[in-house]
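Protein chains in written order, with the numbering used here: chain A, 1 to 448; chain B, 1 to 448.
No incorrect hints appear here.
Same chains, same label: a pair holds when it works inside one copy or across any pair of copies.
20 angstroms max Cα-Cα, derived DMTMM-like pairs, lysine to aspartate or glutamate:
| id | residue 1 | residue 2 |
| --- | --- | --- |
| 1 | Lys73 | Glu115 |
| 2 | Lys30 | Glu42 |
| 3 | Lys369 | Glu435 |
| 4 | Lys30 | Asp376 |
| 5 | Lys99 | Asp349 |
| 6 | Lys94 | Asp14 |
| 7 | Lys3 | Glu318 |
| 8 | Lys101 | Asp399 |
Rather than coming from a laboratory, the hints here were simulated on the basis of the structure.
2 protein chains.
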Amino acid sequence: MSKKFSRNPIKGMDDYFPSDMRVFNYINDKLRNIAELYCYEEYDAPILEAIEIFEAKTSDELVNEQSFIVEKKEGERLILRPEITPQLARMVAKISQEKKKPIRWYSNPRLYRYEQPQRGRKREFYQFNVDILGEDTLYAELEILQIIVDFLTDFGATSDQFQIYFNNRRFVDAICEILLEVPKQKISQIYSILDKADKMEESEFEKYLIDSFESESIIQGIKKLKDTNDLDELLANFDDIPSEFYESKGYQELKKLTRLIEDSEISEYCSFSSGVVRGLDYYTGTVFEVYDMGDENIRAIFGGGRYDDLLSIFSDEEMSGIGFGMGLLMLELFLRTYNLLPEDLEEPDYSKIIYIATLDEEVAPYVFKISNILRDQNISCLIDYRFENLGNQLSKANDLGVMITLIIGPKEMKEKRITIKNMVSEEQKTIETEELIQQINQILSKLS
Amino acid sequence: MSKKFSRNPIKGMDDYFPSDMRVFNYINDKLRNIAELYCYEEYDAPILEAIEIFEAKTSDELVNEQSFIVEKKEGERLILRPEITPQLARMVAKISQEKKKPIRWYSNPRLYRYEQPQRGRKREFYQFNVDILGEDTLYAELEILQIIVDFLTDFGATSDQFQIYFNNRRFVDAICEILLEVPKQKISQIYSILDKADKMEESEFEKYLIDSFESESIIQGIKKLKDTNDLDELLANFDDIPSEFYESKGYQELKKLTRLIEDSEISEYCSFSSGVVRGLDYYTGTVFEVYDMGDENIRAIFGGGRYDDLLSIFSDEEMSGIGFGMGLLMLELFLRTYNLLPEDLEEPDYSKIIYIATLDEEVAPYVFKISNILRDQNISCLIDYRFENLGNQLSKANDLGVMITLIIGPKEMKEKRITIKNMVSEEQKTIETEELIQQINQILSKLS
Numbered sequence: 001m002s003k004k005f006s007r008n009p010i011k012g013m014d015d016y017f018p019s020d021m022r023v024f025n026y027i028n029d030k031l032r033n034i035a036e037l038y039c040y041e042e043y044d045a046p047i048l049e050a051i052e053i054f055e056a057k058t059s060d061e062l063v064n065e066q067s068f069i070v071e072k073k074e075g076e077r078l079i080l081r082p083e084i085t086p087q088l089a090r091m092v093a094k095i096s097q098e099k100k101k102p103i104r105w106y107s108n109p110r111l112y113r114y115e116q117p118q119r120g121r122k123r124e125f126y127q128f129n130v131d132i133l134g135e136d137t138l139y140a141e142l143e144i145l146q147i148i149v150d151f152l153t154d155f156g157a158t159s160d161q162f163q164i165y166f167n168n169r170r171f172v173d174a175i176c177e178i179l180l181e182v183p184k185q186k187i188s189q190i191y192s193i194l195d196k197a198d199k200m201e202e203s204e205f206e207k208y209l210i211d212s213f214e215s216e217s218i219i220q221g222i223k224k225l226k227d228t229n230d231l232d233e234l235l236a237n238f239d240d241i242p243s244e245f246y247e248s249k250g251y252q253e254l255k256k257l258t259r260l261i262e263d264s265e266i267s268e269y270c271s272f273s274s275g276v277v278r279g280l281d282y283y284t285g286t287v288f289e290v291y292d293m294g295d296e297n298i299r300a301i302f303g304g305g306r307y308d309d310l311l312s313i314f315s316d317e318e319m320s321g322i323g324f325g326m327g328l329l330m331l332e333l334f335l336r337t338y339n340l341l342p343e344d345l346e347e348p349d350y351s352k353i354i355y356i357a358t359l360d361e362e363v364a365p366y367v368f369k370i371s372n373i374l375r376d377q378n379i380s381c382l383i384d385y386r387f388e389n390l391g392n393q394l395s396k397a398n399d400l401g402v403m404i405t406l407i408i409g410p411k412e413m414k415e416k417r418i419t420i421k422n423m424v425s426e427e428q429k430t431i432e433t434e435e436l437i438q439q440i441n442q443i444l445s446k447l448s
Numbered sequence: 001m002s003k004k005f006s007r008n009p010i011k012g013m014d015d016y017f018p019s020d021m022r023v024f025n026y027i028n029d030k031l032r033n034i035a036e037l038y039c040y041e042e043y044d045a046p047i048l049e050a051i052e053i054f055e056a057k058t059s060d061e062l063v064n065e066q067s068f069i070v071e072k073k074e075g076e077r078l079i080l081r082p083e084i085t086p087q088l089a090r091m092v093a094k095i096s097q098e099k100k101k102p103i104r105w106y107s108n109p110r111l112y113r114y115e116q117p118q119r120g121r122k123r124e125f126y127q128f129n130v131d132i133l134g135e136d137t138l139y140a141e142l143e144i145l146q147i148i149v150d151f152l153t154d155f156g157a158t159s160d161q162f163q164i165y166f167n168n169r170r171f172v173d174a175i176c177e178i179l180l181e182v183p184k185q186k187i188s189q190i191y192s193i194l195d196k197a198d199k200m201e202e203s204e205f206e207k208y209l210i211d212s213f214e215s216e217s218i219i220q221g222i223k224k225l226k227d228t229n230d231l232d233e234l235l236a237n238f239d240d241i242p243s244e245f246y247e248s249k250g251y252q253e254l255k256k257l258t259r260l261i262e263d264s265e266i267s268e269y270c271s272f273s274s275g276v277v278r279g280l281d282y283y284t285g286t287v288f289e290v291y292d293m294g295d296e297n298i299r300a301i302f303g304g305g306r307y308d309d310l311l312s313i314f315s316d317e318e319m320s321g322i323g324f325g326m327g328l329l330m331l332e333l334f335l336r337t338y339n340l341l342p343e344d345l346e347e348p349d350y351s352k353i354i355y356i357a358t359l360d361e362e363v364a365p366y367v368f369k370i371s372n373i374l375r376d377q378n379i380s381c382l383i384d385y386r387f388e389n390l391g392n393q394l395s396k397a398n399d400l401g402v403m404i405t406l407i408i409g410p411k412e413m414k415e416k417r418i419t420i421k422n423m424v425s426e427e428q429k430t431i432e433t434e435e436l437i438q439q440i441n442q443i444l445s446k447l448s
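Given the sequences, and given the hints that come with them, work out the whole structure.
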């Protein structure tokens, strides 16, 4: 067979070489650690799922055009999950009765979308999901925002680099219904245009408004919603606001969340923005989007919000939740923009690995014993089994960045001793086996 | 919508509730840690792959009948990978030129097979893969066997509970060709029958032999191969063994590996068995299978071996490797058989989590501050935002198994102090904020 197959993965998907895996693990470990600090528990679900539960909660376009579907098996149509939320709902519906509320869960599922790959968007990707369910107070909102702030600041990100813009869909409802008197059936159109406004030219946005709404006051109102980041300034545009508006759940929630944020230590990272509404229909209350504040392109990294109707396709139980799904590719792009990943992350770190240089094959049994002593103490070691000359082995160890090499020859084996070499100072001495761990710790503590 | 969807995942696949995830993470973390102690680097590849690379290396049955196939996208047929080895080959072929040998890689890929689910076998599963490539000496074999022993003994497994049975395909070749004088084209049949012998009744095995081979000496020879676990005993069956046999690569390799094992500290876990040959065609030298030695059912948990032709469909480079893939479900069954998993593993461990009981909503800003202090020190905490009466909150903390509760009311907030309660001794005292971390560490160290 002389024709060779391609060495590349399929379109839109990435191999994870060890260098990529180190970046992935670094990011994932940090996020998981923070989720655990907030007492969230990890879960996951199969990658393949019955297509119906996605059809019931997600757009038809996403399910039938932008997904990978498995050829029919046993009469079922299976989908490679494009998001995990319907599975979260399925699992929570199953165990909800026996669980204390609130339920705090996180996951880093692998997800699939059949769409054109682009910067930050692949056909296979990880999305870190955090959700709190069964906690109706706005402290759930605050906790979710605190987690996001901790996620990003733990990498060293600052409030100049990212902002969480928050809003409330019930508040937008109240503006539309009470202040702008928009007919009910037109409100979803307002959400749709606000969600897409970021990606539109100003003129396109204008044209869309004029084509869709007759009332000049509605058009002006939508433009203000899009552009205002200050609640008082927004409301100053309206004369004679009725008390019904101030008493509305949306206004009350927004005011209270704003106060909670001010009282917490995350206020510098959070701003109100009446233009943030989120595209997905299932959000009902608080919504938010996290933006990269970079000069050249302010862009959304990810977002989330509160949903009230999560379990309905699986259960009659009503449960409200709030959460987000953060694509790891977008996060990585953000971190790289601000140099927030350690420089040598891709490279393997051999500085704490012990290299064992062997002078003759006959010492192998003794080397096995020594390597066992090291690994029992959770110390990694690499054995050179080629029994080449010592100079070669030491220069190999040096190239890797090893700090400590053990040199084992027939003399060492006979005397049950070990020659240990500090690769930085180039000092070496011969020690008893029993001293090995202590000597290693001593050299490493001096070097770090 | 009143009809509800099923709360179960699709057939043959499992949800990972937090209790399942804790078991998975416990096992996976231990295996990864050991792989890292041997300086293996982690990799992964997409779950979807072009079907051709599996067709080229795997059986037609596995690819076309026992796999999940994605509906055609852009003219390509995609498969949900049933194993990772062809992807390992693809990735190694791509970077081999620039990498120092040997290449030590590990992965815990999620894999898919469309077959009848049964004990230890699911349609979606994890399989821990460890491979060393580009090291032709038998020290590679020894290292792989050492890793397996460490994997299992790290959970507490003993040599009464598992054994690694090893053999060498070149050695079996030499027996067949030189001692039994089996015609070349019949040798693959011998491999096939030896591999299936375990699952056959004695009489069925006999009948198959008589139907397939005419020579009584061949039939007797195959029966000895199947049943013998001692090299000398096996060879004692043959008269006048020619020196050609003793000089064969297969015999030499087997003798040398046996000696290396004897010289190492894993000899009690390893036994020769001439009946172990492995089913897959791509093994060329050493092969091994790990057996659960349980009285009622000695059964293979997993296996592996050396392959010489791994890269051929991607590259002209020749590289030999040895490795194994261990299904995590079978491993978990083995560990459960011998009670080798910690008893409370499924339950969340709240013993090191600080519970913050809050007496009034007005203290929220102070509570935010304190929870930040804790998390900055990598201490997990859970805040009760319901502001119910203290007794309720303390009994909730007790139910969870919390050791330390902080009680925060308006008095504490005003004085910038904290009431800390040891839930075991029931002692409580009010301390300064600055003392918090030290007091927590003191209580925890007393309790552990």
